[in-house]
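Student: Listed below are the residues making up each chain.
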Amino acid sequence: MEFSFMYKEGGAHPDEQKGFTDSKPIIDASVPKLMAYPIAMHIGAPAAPIVEVGDQVKVGQMIAKEGGFVSAHVYSSVSGEVVAIEKRAQAGGGEVDSIIVKNDYAYTRAEPIVKPGYSSETSNKEIIDTIRKAGIVGMGGASFPAAVKLAPPEEAKIDTIILNGAECEPYSTSDHRVMLEYTDEIIKGIDIVSQLYPDLKNIYIGIEDNKKDVKEVLEKATAANKKVAVQTLKAMYPQGSEKNLIKSLTGREVQPGELPADVHVILLNVSSARAVYHACELGEPLIERVISVSGAPVKNPQNLKVRIGTPMESVIDDCEGFSEIPGKVLSGGPMMGGAVGDLSVPISKGMTAISVLTRKEAQIEEPENCIMCSECLHVCPVSLQPILISEAFERGDIEKAEKLGAMDCIECGNCSFICPSKIPLLENIRGAKAAIQARQEG
Amino acid sequence: MENSVDMKKAQNKLQVGPSPHIRTRRTTKSMMIEMLIALVPPIIAASYFFGWWVFVQLAVASGVAVLSEYAFQKMTHRKVTIKDCSALVTGTLLGLSFPVTAPLWVVTVTSIFAIVVVKQWNAGLGNGGIGRNYLNPAVTARVCAKIFFTPFFTDWVLPTGFSAGPYGGVDAVSSSTPLEFIGHGAQSVSNQVPALRELFLGVNLGGNIGETSKLAILIGMLYLIFRRIISPKIPLLFIGSTVLVMCFWGSFDLEFMLTHALTGTLFFGATYMATDYSSGALTPAGKTVFAIGGGVLTALLRLVFDYPGGLGIAIIIMNICAPFIDQKLMPRIYGHKKRPNVKFDRQNPNQL
Ligand code: SF4
Ligand code: SF4
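Residue numbers (our numbering), protein chains in the order written: chain A, 1 to 442; chain B, 1001 to 1352.
Only chain A is shown next, with the shape it has when bound in the complex:
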């Protein structure tokens, strides 16, 4: 229940729901017999399979090679035999070619991707190469290949690194636990990344003020490094969105069409920082991640360290299954996550959480007329007027929707969430965006 004096602007306060898992230590997930590796777990060109059915693979062996500059390699997280390469359902909806590996439970390891042991002598090029080799992508949900993001053109003069620990989606606690339990690995990861930028002045670790325990731990761990500042931000959704975080921490605004690098900022998710450490220091590619499995219908909600490629079913089984028929199972959180229709979908690199809603929570009421309460304006993090865009779209006035800034919408979902009349604002805005794009293309 919201009960506050200030009329907060630029964000909303959905029930946090973190209590299910935020104090549960990370435990290892079990590994099932069959693992599935989609060739597109990232933004950009899909990877190309380099194994064939019948091949034996090892843990950490590359099974699909990047399909272009903006792409990422895919590695096997178990040892065993490739039994199929076929279309499988994936979290984002639709089907994608996936490599199916039958686990032999021997966990024979492949050669490390680089010689373990990172030294400060390692050149920038080597670091970026290693990150590229490891197949690291943005692990906070964006899934953009890290090697591309971390190597902006030299003119960008990166002066700030923001480590994104503002896990603002309800239910999600994986970053929270990672920051608590793998603090040193994250810090080492940032050390490696910070070496890339000669103009670097500040390293901000942005966390929300509902994570007091993390703040202490991080401050202790970074006390020696003068450049690092742990910054607490108000717990609010979408505090962890790129644009929000940059604005809150540096006061800079990314112009439309620009990237964070254009305002001299690099953003990194905490789990990605950890993956960088694993790659550069231990020579390990990205084959595991931490994920929180939470929600009222989950019997025993947990934070799990999961091998990428593990089907959701297996992870949910680790949490003792469902205590009631769930309404929606989401990859990610309820604000931006995608509803999954098939529980055989594998855990991918960018999946931060599995959030399960009860049927009641998933119920969405019929829209009524807008009462002009202006709540949607108040919660929009990029100061749009969602209702006006939505209505322009409904009237078919695409030009107006564009002028009102439809393309600037970051699809955070706040407007649809807050609307008392239950108007599907974001859906309409997405419609407007698609129409604008279609018009530009043709």
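In short, the hints are calculated from the structure, not lab data. What you are looking at is a predicted structure, and each value in this text was computed from that prediction instead of being measured. All C-beta atoms, glycine included, are put in the ideal place defined by N, C-alpha and C. Hints should not be assumed to be uniformly reliable.
Said to hold, decoys possible - PhoX-like cross-link-like pairs, simulated, lysine-lysine; straight-line CA separation at most 25 Å: (1) B:K1338 - A:K243; (2) B:K1337 - A:K400; (3) B:K1029 - A:K422; (4) B:K1338 - A:K247; (5) B:K1328 - A:K403; (6) A:K247 - A:K226; (7) A:K33 - B:K1008; (8) B:K1343 - A:K433; (9) B:K1013 - A:K422; (10) B:K1029 - B:K1343; (11) B:K1337 - A:K299; (12) B:K1338 - B:K1328; (13) B:K1008 - A:K360; (14) A:K247 - B:K1079; (15) A:K24 - A:K305; (16) A:K188 - A:K125; (17) B:K1008 - A:K299; (18) A:K403 - B:K1338; (19) B:K1008 - A:K87; (20) A:K33 - B:K1009; (21) B:K1343 - A:K400; (22) A:K234 - B:K1233; (23) A:K299 - B:K1013.
As the list claims (entries may be wrong) - Covered by chain B, according to a simulated footprint, are these stretches of chain A (three or more residues, beta-carbon under 8 Å): (24) 381-391; (25) 411-422.
Place chain B with the ligands on chain A using the hints.
Tutor: Coordinates of chain B with the ligands only, in the frame set by chain A:
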């Protein structure tokens, strides 16, 4: 796994759909109900001061409002929306803005006017209905009522307690409202005006039933602010700017200033009328301008034009200006240099 749901069964029942997957519990109806809750303190105060007849008056005002919305929507084959409780809110507000002596037929006619002409027909300016009307139904109807039915509003009775029966108008003890004593361009308070404490509590004060006790209204206002139903900006800036103008006019005479703040409809209007969603400004900056503009206009109408009922007119003027204010003050989008430059229109796409 014992007493777990079978995975296959769960899988078959999974729902899909676009994000966001959750919605706030708040609905249009629940917001209207909160508005009604915020009207409870003034209602209690009204019945305490003016007697049980207040309830009759409120019942007529709100009942007629709801019925006329129902009848209008039935007759024009629109979706009947009385369940959202917005007509109930309008009716109750209207009921509270009459003196207790107002004949019930006047209340009835005004209530029908508010719903049918102002809210649903949108005074002929376009599509009406909830969220679409340009003018505030309660305020507009009340201002019109005052113009057309002036004779019925001249007798202001002093409160006589809860058990006081219906007033005959003629035989009741009548008085002027305090505002009329200080209305005529005065720069200081005449000694006929009740003490500030009385003005604040509403004791021994004639006037419209809902607006005598500022204390009760303040409680309602705080409730609305804390529950995030209204933006605190509107009532505070509205009252603040009236007071500020008065402050300069009265050459910083504190008593003059406070008397103005506490007399007339200022508190009631700023809390419950200026905050109306559909007739107010939509944008955050627009709300600021709307509230300050309304407050200043109220003060000027009271002073310069010698018009004590200035608040209603001020709100109507601001209602008319609101779309233009919004158009000029659309928020600057993140990362953009200028405000969007688009025509602001709020017509329902489904009815065009
Ligand atoms: S939140 Fe919903 S009801 Fe309120 S102004 Fe926006 S669209 Fe209209
Ligand atoms: S318009 Fe877009 S950015 Fe703004 S609240 Fe809605 S979804 Fe979020």
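Student: For every hint, state whether the structure bears it out.
Tutor: Here is what the structure says about each hint:
no.	hint	result
1	B:K1338 - A:K243	holds (18 Å)
2	B:K1337 - A:K400	holds (18 Å)
3	B:K1029 - A:K422	holds (12 Å)
4	B:K1338 - A:K247	holds (18 Å)
5	B:K1328 - A:K403	holds (14 Å)
6	A:K247 - A:K226	holds (22 Å)
7	A:K33 - B:K1008	holds (18 Å)
8	B:K1343 - A:K433	holds (20 Å)
9	B:K1013 - A:K422	holds (23 Å)
10	B:K1029 - B:K1343	violated (30 Å)
11	B:K1337 - A:K299	violated (50 Å)
12	B:K1338 - B:K1328	holds (11 Å)
13	B:K1008 - A:K360	holds (20 Å)
14	A:K247 - B:K1079	violated (44 Å)
15	A:K24 - A:K305	holds (12 Å)
16	A:K188 - A:K125	holds (18 Å)
17	B:K1008 - A:K299	holds (16 Å)
18	A:K403 - B:K1338	holds (12 Å)
19	B:K1008 - A:K87	holds (21 Å)
20	A:K33 - B:K1009	holds (22 Å)
21	B:K1343 - A:K400	holds (9 Å)
22	A:K234 - B:K1233	holds (22 Å)
23	A:K299 - B:K1013	holds (18 Å)
24	381-391	holds (count 8)
25	411-422	holds (count 10)
The structure fails hints 10, 11, 14 (numbered hints given earlier, in ascending order).
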